[in-house]
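Respectively, the protein sequence lines represent chains H and F. The opening position of the first sequence corresponds to residue 1 in my numbering, with each subsequent residue numbered one higher. The opening position of the second sequence corresponds to residue 342 in my numbering, with each subsequent residue numbered one higher.
Keep in mind that the hints were calculated from the coordinates and are not lab data. These figures come from a predicted structure and were not determined experimentally. Among the hints, erroneous ones may be present.
What the hints assert, rightly or not - Interface residues of chain F toward chain H, partial, derived using beta-carbon atoms under 10 Å: (1) L347; (2) A423; (3) A430; (4) R432; (5) P525.
Even for Gly, the Cβ is constructed at its ideal location relative to N, Cα and C.
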Amino acid sequence: MSRLELKGTTGRALARTELVLDAGSHVVLAETSDGADELVALISGAIRPRRGVVLLDGEEPYRSEATRASLRSLREREALPFGRTVEVAMDRALSIRGSARSASDVLGDFGLSNWGKRPTASLSAEEARTVALALALGGEAAALLALFEPLATGLPSDRVATEIASRARAGAVVVSVTASVRDAVTLGGRALVMDRGRIVRDVALLADEWVPGSPLEVLVAVDDPRRLAAALAADTDVSATSFDVEIAPQEIVVRGADPSRLALSVQRAAVASGARITSMTRRIPTMAVVRAASDAVMRAAYERAYRASAALPAPARAAAPAPLLDLPAPPATNPPEGGAT
Amino acid sequence: MNAFTLGVGAADSRLGTRFMLGVSALLASFVVLVALVEKQAAPFGAVDATLAFAVFGWGIPVVAYSAVARASEYGRLDDAIATLSRHGANRRAAVLGVSFGAMLRVAVLGAVAAAVAVLVAAGHASPAVIRDAATSAWIGALGGAVYVFWFSLGSLFGKLGRGRFVLFVLDAVFGSATTLLAAPWPRAHLRSLLGGDAVLGMPEWQSTAALYFLVAACLVIGAIRVPK
Numbered sequence: 001m002s003r004l005e006l007k008g009t010t011g012r013a014l015a016r017t018e019l020v021l022d023a024g025s026h027v028v029l030a031e032t033s034d035g036a037d038e039l040v041a042l043i044s045g046a047i048r049p050r051r052g053v054v055l056l057d058g059e060e061p062y063r064s065e066a067t068r069a070s071l072r073s074l075r076e077r078e079a080l081p082f083g084r085t086v087e088v089a090m091d092r093a094l095s096i097r098g099s100a101r102s103a104s105d106v107l108g109d110f111g112l113s114n115w116g117k118r119p120t121a122s123l124s125a126e127e128a129r130t131v132a133l134a135l136a137l138g139g140e141a142a143a144l145l146a147l148f149e150p151l152a153t154g155l156p157s158d159r160v161a162t163e164i165a166s167r168a169r170a171g172a173v174v175v176s177v178t179a180s181v182r183d184a185v186t187l188g189g190r191a192l193v194m195d196r197g198r199i200v201r202d203v204a205l206l207a208d209e210w211v212p213g214s215p216l217e218v219l220v221a222v223d224d225p226r227r228l229a230a231a232l233a234a235d236t237d238v239s240a241t242s243f244d245v246e247i248a249p250q251e252i253v254v255r256g257a258d259p260s261r262l263a264l265s266v267q268r269a270a271v272a273s274g275a276r277i278t279s280m281t282r283r284i285p286t287m288a289v290v291r292a293a294s295d296a297v298m299r300a301a302y303e304r305a306y307r308a309s310a311a312l313p314a315p316a317r318a319a320a321p322a323p324l325l326d327l328p329a330p331p332a333t334n335p336p337e338g339g340a341t
Numbered sequence: 342m343n344a345f346t347l348g349v350g351a352a353d354s355r356l357g358t359r360f361m362l363g364v365s366a367l368l369a370s371f372v373v374l375v376a377l378v379e380k381q382a383a384p385f386g387a388v389d390a391t392l393a394f395a396v397f398g399w400g401i402p403v404v405a406y407s408a409v410a411r412a413s414e415y416g417r418l419d420d421a422i423a424t425l426s427r428h429g430a431n432r433r434a435a436v437l438g439v440s441f442g443a444m445l446r447v448a449v450l451g452a453v454a455a456a457v458a459v460l461v462a463a464g465h466a467s468p469a470v471i472r473d474a475a476t477s478a479w480i481g482a483l484g485g486a487v488y489v490f491w492f493s494l495g496s497l498f499g500k501l502g503r504g505r506f507v508l509f510v511l512d513a514v515f516g517s518a519t520t521l522l523a524a525p526w527p528r529a530h531l532r533s534l535l536g537g538d539a540v541l542g543m544p545e546w547q548s549t550a551a552l553y554f555l556v557a558a559c560l561v562i563g564a565i566r567v568p569k
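Looking at chain H on its own, in the form it has when it is part of the complex (with noise of 0.2 Å):
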């Protein structure tokens, strides 16, 4: 089981940051300005903190040749080692690593044999991400994963999102870093959240706690939405519906506290009503709405440690603003309870 550590780890985009991560997925949910790439350099090595250390199961990966033989990454931009063929460039890059397998092996894996003759310079910026991919999946097990926005490469996604959490169950590290809060939500497990740099909330259920306090979001695809909606009118465990016959004619947006009961409350209605429903996802929020959840979650815990703390005097309430002019008072329309009338 490794275990991946950030101490006082500053880059040029992260801020200070004290993170520990041990086996299994986590998901940085955090954009290029955030410092997304420069995370996944930080923690395999290939670039040395400003401030801080890395460290993977106690030493650090910049340093330790060992190490980053170890570990794999994917980089927002990828480069093959030198060779004319990229065969020949995914067998160079194995044999560091000291891999028994070879390139036509791990491309075949991956349904990518026909790229192995092809020269390394004709890869367009998706295509070596995707070989990078497959050589950072493909290989002998790892002890950390570090891969930006593995679901955005041509490899299918369910297949990397089913080999990334094989290599989180046998004991690896996997750090994904990527800026869709869906790709996050296929990724699953510890989910982290980066703002400026700074990572701002750990969600530990994905989906759920992403916007907390707004209620469930299910987008249903069914033929009539107004008689759904109304069957759904009465039903306790739906707090809202909402559609658009003239944007999206066939949909409807169902709100609820209660994932499960909220979809048997759609299914009961759909029965009831006869709508024919042909299919019901769960409406994942941006990453703009994700953004302004834990702006306010830490305004809140902002608050509340303020107003806890004893040291400090409580919040004097706003004394009224001073008369511009010197006027009489109005006289008063309501006179006070008791006064003479």
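Guided by the hints, dock chain F onto chain H, whose structure is given.
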């Protein structure tokens, strides 16, 4: 395959035949042109002038600079081997391998350029000229090697390895002197080896030792600068 060999392989792939042919053609044209002009202008001092200006003044430093820049993929040398080090190759050995691969090429070019300059500027191939060409070739090879390690060290500093440009400029400025300021720069000692003004009155063997010392210093500082 060890990291040093991988580094040499990376240099081989980056300094390919097309690049080396292009650089060789430009260097040869420049040296021959200057030699012919010098020979016409002052037949007796043509060899020294060609070596001082065309070969050791500009030719070898510019070729070494271009080769190191290309081997470093026009960035930092330690970043240029990231495709190897990320898989577990020893960074230090890989960087040394890249520098060594570039050094071999530039040393050969330096030797050939110096010999060609002597032969063309002299205009005949008497035993004395051939001896002079051989000595110049040896100094040219040493100059090429020193400059490659020198610029490789510079490539480990600054954003995009701009340290190598700083070293190039400082060498051109301070290397022309003969005072203490000139002592750390290859240009000054190479000039001394060619029979030019000595640095701090140092004899030729001391200038040779100083050049070896510069290479050793580059290796030590580079090893400190680049982690495994």
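Here's how the hints hold up against the structure:
A hinted interface residue such as F/L347 counts as satisfied when its beta carbon comes closer than 10 Å to some beta carbon of chain H; here the least separation is about 7 Å, so the hint holds. Nearest Cβ of chain H to the Cβ of F/A423: about 6 Å, under the 10 Å cut. The hint holds. Look at F/A430: its Cβ gets to within about 5 Å of chain H, closer than 10 Å, so that hint holds up. With a least beta-carbon distance of about 7 Å to chain H, the hint placing F/R432 at the interface is held under the 10 Å criterion.
Taken as an interface hint, F/P525 does not check out: its beta carbon lies about 27 Å from the nearest beta carbon of chain H, beyond 10 Å.
The earlier numbered hint that this structure contradicts is number 5, and it is the only one.
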